[in-house]
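Heads up: the protein sequence lines correspond to chains Z and H, in order.
All letters in the first sequence, in the order written, are residues 1 to 347 by UniProt numbering.
All letters in the second sequence, in the order written, are residues 1 to 347 by UniProt numbering.
Rather than coming from a laboratory, the hints here were simulated on the basis of the structure.
Misleading hints may appear alongside valid ones.
Any copy, or any two copies together, can satisfy a pair, since identical chains are not distinguished.
[Claimed, not checked] In silico DSSO-like cross-links for lysine-lysine, where the CA-CA straight-line distance does not exceed 30 Å:
#1 Lys-50 <-> Lys-130
#2 Lys-50 <-> Lys-285
#3 Lys-347 <-> Lys-7
#4 Lys-319 <-> Lys-84
#5 Lys-6 <-> Lys-84
#6 Lys-319 <-> Lys-6
#7 Lys-7 <-> Lys-84
#8 Lys-285 <-> Lys-84
#9 Lys-347 <-> Lys-20
Given the structure is predicted, the values throughout are model-derived calculations rather than measurements.
2 protein chains.
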Amino acid sequence: MLTPSKKALVPFVSVENMMKLVHANGLDNMLIRIADAIEQDFLRWDAFDKTPRVASHSDVGVIELMPTSDGELYGFKYVNGHPKNTAEGLQTVTAFGLLADVNSGYPVLLSEMTLLTALRTAAMSALAAKHLAPKGATTMAMIGNGAQSEFQCRAFAAICGITHVRLFDTDPAATTKCAANLAGTNLHVTTCTTAEDAVTGAQIITTCTADKQNATVLTDNLVGAGVHINAIGGDCPGKTELHADILHRASIFVEYPPQTRVEGEIQALADDHPVIELHNVFAGKTTGRASDKQITLFDSVGFAIEDFSALRTILTAIKGTDFFINLDMLADPDDPRDLYGMLNRAK
Amino acid sequence: MLTPSKKALVPFVSVENMMKLVHANGLDNMLIRIADAIEQDFLRWDAFDKTPRVASHSDVGVIELMPTSDGELYGFKYVNGHPKNTAEGLQTVTAFGLLADVNSGYPVLLSEMTLLTALRTAAMSALAAKHLAPKGATTMAMIGNGAQSEFQCRAFAAICGITHVRLFDTDPAATTKCAANLAGTNLHVTTCTTAEDAVTGAQIITTCTADKQNATVLTDNLVGAGVHINAIGGDCPGKTELHADILHRASIFVEYPPQTRVEGEIQALADDHPVIELHNVFAGKTTGRASDKQITLFDSVGFAIEDFSALRTILTAIKGTDFFINLDMLADPDDPRDLYGMLNRAK
Chain Z
1 MLTPSKKALV PFVSVENMMK LVHANGLDNM LIRIADAIEQ DFLRWDAFDK
51 TPRVASHSDV GVIELMPTSD GELYGFKYVN GHPKNTAEGL QTVTAFGLLA
101 DVNSGYPVLL SEMTLLTALR TAAMSALAAK HLAPKGATTM AMIGNGAQSE
151 FQCRAFAAIC GITHVRLFDT DPAATTKCAA NLAGTNLHVT TCTTAEDAVT
201 GAQIITTCTA DKQNATVLTD NLVGAGVHIN AIGGDCPGKT ELHADILHRA
251 SIFVEYPPQT RVEGEIQALA DDHPVIELHN VFAGKTTGRA SDKQITLFDS
301 VGFAIEDFSA LRTILTAIKG TDFFINLDML ADPDDPRDLY GMLNRAK
Chain H
1 MLTPSKKALV PFVSVENMMK LVHANGLDNM LIRIADAIEQ DFLRWDAFDK
51 TPRVASHSDV GVIELMPTSD GELYGFKYVN GHPKNTAEGL QTVTAFGLLA
101 DVNSGYPVLL SEMTLLTALR TAAMSALAAK HLAPKGATTM AMIGNGAQSE
151 FQCRAFAAIC GITHVRLFDT DPAATTKCAA NLAGTNLHVT TCTTAEDAVT
201 GAQIITTCTA DKQNATVLTD NLVGAGVHIN AIGGDCPGKT ELHADILHRA
251 SIFVEYPPQT RVEGEIQALA DDHPVIELHN VFAGKTTGRA SDKQITLFDS
301 VGFAIEDFSA LRTILTAIKG TDFFINLDML ADPDDPRDLY GMLNRAK
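For reference, chain Z alone in the conformation it holds in the complex (with noise of 0.2 Å):
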């Protein structure tokens, strides 16, 4: 009796069965698989439920709900984001995800998400890079080298053929930790001691930073024609990294203006700045880079689709596999009216 029915039973995928999962696929698979995914299901933008993330602000941080549903599956991810959690020694941003069935409201996947959230920023802003970036860029500088970073590289690696990585970050250790785990992977990588430094010769820009803040990682005269700058740090009100100046003189991609105007780098301009929708550049609606000298700007705070591109990619990815374990997370009595005489029975 105690035995849970199948339909009660909702497969979870760990961090350590992420890790495993990752390894067995590799990085590199992973991140292509993910970043396809999200591409697929942004070239079906309209099939989405689109809601502003639902968040619980507190003094030192913020909880998010992000849901999301394309009619079949539904999903949601919570994440926190505390910037002082560094300082503690804990994750300043963790996360876990869940897919449900439309059609019955049953779970059918729940996920750690602070790994996958991470894969799929990358994934994200490789996707939107291929699509903006200079053709033949080969050097990305990366300004910000903390927890986000070597994902970074990796997926522009693995997603735009890019081969050099200049890093820079303000705190020296975080430098040396990105280049020591990029070590044995296929890209060359130079530290540099200043954010100057680290765009000399750079095609492509990330700018990945955590304070909570309204900070000026990159100024104007670090940006060259023909850049493509991939901003991921400006993503809360009151957290940008880019000078207002560098904004007016880029072409400016975003994932949904409603959310982007709020937490993005353009929460520094006025409301009715002009942006495109990332979504339009995939289907070919509209033009991505139209010249050599042109600054293409993705304006990146992450979207609700992200997570569940992630997650559906995950729930196919463990099919077959041991990476999960099923959780007995819903009650399923025999009678679907007799929840009373299943808890009664199992005394």
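Based on these hints, arrange chain H on the given structure of chain Z.
Chain H in isolation, oriented as in the chain Z frame:
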């Protein structure tokens, strides 16, 4: 290296463990503890973030997220509502929930909530009736004998001193099931073949039916002076149970007006129809029942704070027990900035 640190682990209460926990403490005790927790939380109403639930509707049902926070703990519930599920051998409603530490954003409890929602709904009903039902009430009519019905009967016995229940359902098999489940408890159970029969001599009438429509489970002539009505089943747009004439005769008590006006029985009334917020009754700021002749109506829809109260009851109840397992749900590298290194070392 693969052993996750303590911070990365989230206690998870499965359906099986929830059943064991309830039996170890006794159902009456758990209902009383949850009702106490709800009352305490309603007494500090202003401490809570109150957001209407975030719903994703489809043709066949709805999936909802219900978040709230008291500034120290954050909680949310995932819950679906799919009336057609019963015919397919599935639960109409399944749910799970989470508590997290607002200070770090780290989850501290993941729990099944299909059973727990049944408990908290019954505890909330009985708590409201404790404040609103006529003094010395002994008999409750239970109209609708589905999955929630036995929990309602048990909560009214444990919390309001109800000794007699009179059961009615349009499906006699449901009534038979409910009566069989309540055999062996202290309750005197009478099965009835009409709603009129069921309400005879009852001081409390509970309606709890599942059809998603504007039904008339209870007509005006069945409701005598002085009765307390506990209306559970009118809980989403287009789903009500009571004839509007009853609403006009009754003093109407609600959890959170912005939600109840959309989802409750009062969706049939004008937007400014007077309602009384239960937390004000609990706090003694407003009179509950003012006379023996008054009809009181709890227009129950279920509010996020009640789930929060139920979850924190479970968080306390599992301490020092074996009724949970630890899930490796959060990535927790030794150096918070070295997520990639953690992945790499797991190879």
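Evaluated hints:
no.: 1; hint: Lys-50 <-> Lys-130; result: within (24 Å within a copy, 42 Å between copies)
no.: 2; hint: Lys-50 <-> Lys-285; result: within (20 Å within a copy, 41 Å between copies)
no.: 3; hint: Lys-347 <-> Lys-7; result: within (22 Å within a copy, 33 Å between copies)
no.: 4; hint: Lys-319 <-> Lys-84; result: between (38 Å within a copy, 28 Å between copies)
no.: 5; hint: Lys-6 <-> Lys-84; result: between (42 Å within a copy, 19 Å between copies)
no.: 6; hint: Lys-319 <-> Lys-6; result: both (15 Å within a copy, 29 Å between copies)
no.: 7; hint: Lys-7 <-> Lys-84; result: between (41 Å within a copy, 16 Å between copies)
no.: 8; hint: Lys-285 <-> Lys-84; result: neither (42 Å within a copy, 40 Å between copies)
no.: 9; hint: Lys-347 <-> Lys-20; result: between (38 Å within a copy, 7 Å between copies)
Checked against the numbered hints listed earlier, the structure breaks hint 8 alone; every other hint is satisfied.
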